[in-house]
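In our numbering, the protein residues as written are 10 to 355.
By construction, these hints were calculated from the structure, which means they are not laboratory data.
Hints may be right or wrong, so weigh each one.
As the list claims (entries may be wrong) - BS3-like, lysine-lysine: derived pairs with alpha carbons at most 30 Å apart: (1) K55 x K245; (2) K186 x K15; (3) K15 x K208; (4) K245 x K67; (5) K232 x K55; (6) K235 x K208; (7) K208 x K55; (8) K232 x K67; (9) K235 x K67; (10) K235 x K15; (11) K186 x K235; (12) K67 x K15; (13) K245 x K235; (14) K232 x K245; (15) K186 x K208; (16) K67 x K55; (17) K186 x K55; (18) K186 x K245.
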Amino acid sequence: MNSPAKLIFAISLLLGTTIVISSNHWVTIWAGLEINTLAILPLIAKSHHPRAIEAATKYFLTQATASALLLFSATTNAWYTGQWDITQLTHPAACLILTSALAMKLGLAPFHFWFPEVLQGSSLTTALILSTAMKFPPMTLLLITSPSLNPTLLTSMAILSAALGGWMGLNQTQIRKILAFSSISHLGWMVIIVSYNPKLTLLNFYLYALMTTTVFLTLNVIKTSKLSTLMTTWTKTPALSAMLMLTLLSLAGLPPFTGFLPKWFIIQELTNQNMAPAATAIALLSLLGLFFYLRLAYCATITLPPHTTNHMKQWHTNSPTSITIAILTTTSIMLLPISPMILTTI
């Protein structure tokens with residue numbers, strides 16, 4: 010794909026996202042989401058591999074269904090209340106349909122099945138866009154409409170996401186699929202708190218996007234997409250592999266890294282809202298995710314490849330690490346000490 014085409018698609022993605030987050034009318038929001046979907050499809054299918062075409066088709070069908078549901082929800086609400094404003098969503102049926110539409114857009118359980126398959130069929134760069142930038146518009150809609158949505162339903166879907174994201178990621182060997190299930194699990198943490206403290210959801214999303222961007226860019230540099238090839242990267246870039254291990258532990262939510270910050274705040278807020286059982290359940294389910302993060306970290310740094318491996322050994326390279334990855338890695342593992350300052354903004 011040539012540079013002008015990439016530029017057009019990048020501008021379209023930016024335009025679609027800007028339209029969604031700045032609109033208060035349902036039709037313009039729907040139009041923005043459609044621009045986003047159409048802009049990302051060529052980026053998914055650009056390799057012309059059958060798996061990439063399949064991923065693009067699955068993504069298109071899922072997002073088209075979600076957009077149709079969103080428009081149906083808005084039309085139902087307008088039919089009964091005469092309001093097209095995004096903040097005036099009051100009809101119960103419209104709220105329920107909108108919850109399904111946003112869950113499908115985000116890849117939240119039980120509408121998550123498309124996400125791992127689409128990520129597996131995409132390149133690492135496109136998978137990064139799908140995991141972070143493409144989730145921002147529906148996440149914005151979820152934050153704005155959260156007062157109208159059913160908190161019990163959202164909590165149930167969040168715990169289900171944390172459970173399925175952890176369980177289904179356990180036996181994966183493809184790194185993109187593992188990161189897809191990681192995303193589903195993190196969405197559970199974001200959605201469980203959205204009805205009670207939307208700012209915490211936004212903080213969690215930002216930190217998740219920061220850590221995921223670091224992991225994807227690092228994997229892109231070391232050209233790794235499977236666990237078996239991840240085992241051979243230590244000899245090639247030891248410093249980068251060590252940083253990848255720390256970022257993965259941060260993504261798992263272990264103290265003293267950045268990833269512990271949103272989990273700590275969310276558990277604290279849930280306890281304040283007399284939701285200790287939900288907090289306990291989602292905290293225990295995050296241990297499932299910890300297993301596959303530790304597995305990735307173990308493969309990245311602690312294992313040396315066996316002599317019988319079928320993979321070609323990598324030569325040690327002295328090329329300098331990108332400054333972007335260096336900054337992202339530093340912020341991904343070292344923001345916990347400034348948590349009191351972050352707490353004052355929430």
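Quick rundown of the hints versus the structure:
1. K55 x K245: 29 Å, holds
2. K186 x K15: Satisfied, since the Cα-Cα distance of roughly 25 Å is no more than 30 Å.
3. K15 x K208: 33 Å, violated
4. K245 x K67: Roughly 36 Å separates the two Cα atoms, so the pair is violated.
5. K232 x K55: Cα-Cα ~18 Å, so holds.
6. K235 x K208: Distance ~35 Å between K235 and K208 Cα, so the pair is violated.
7. K208 x K55: Given pair K208, K55 is violated - Cα atoms ~36 Å apart, limit 30 Å.
8. K232 x K67: 25 Å, holds
9. K235 x K67: Distance of about 22 Å is within 30 Å: holds.
10. K235 x K15: Since the Cα atoms of K235 and K15 sit roughly 27 Å apart, the hinted pair holds (cutoff 30 Å).
11. K186 x K235: 10 Å, holds
12. K67 x K15: 22 Å, holds
13. K245 x K235: 16 Å, holds
14. K232 x K245: 11 Å, holds
15. K186 x K208: 29 Å, holds
16. K67 x K55: Holds, at about 15 Å.
17. K186 x K55: 19 Å, holds
18. K186 x K245: 24 Å, holds
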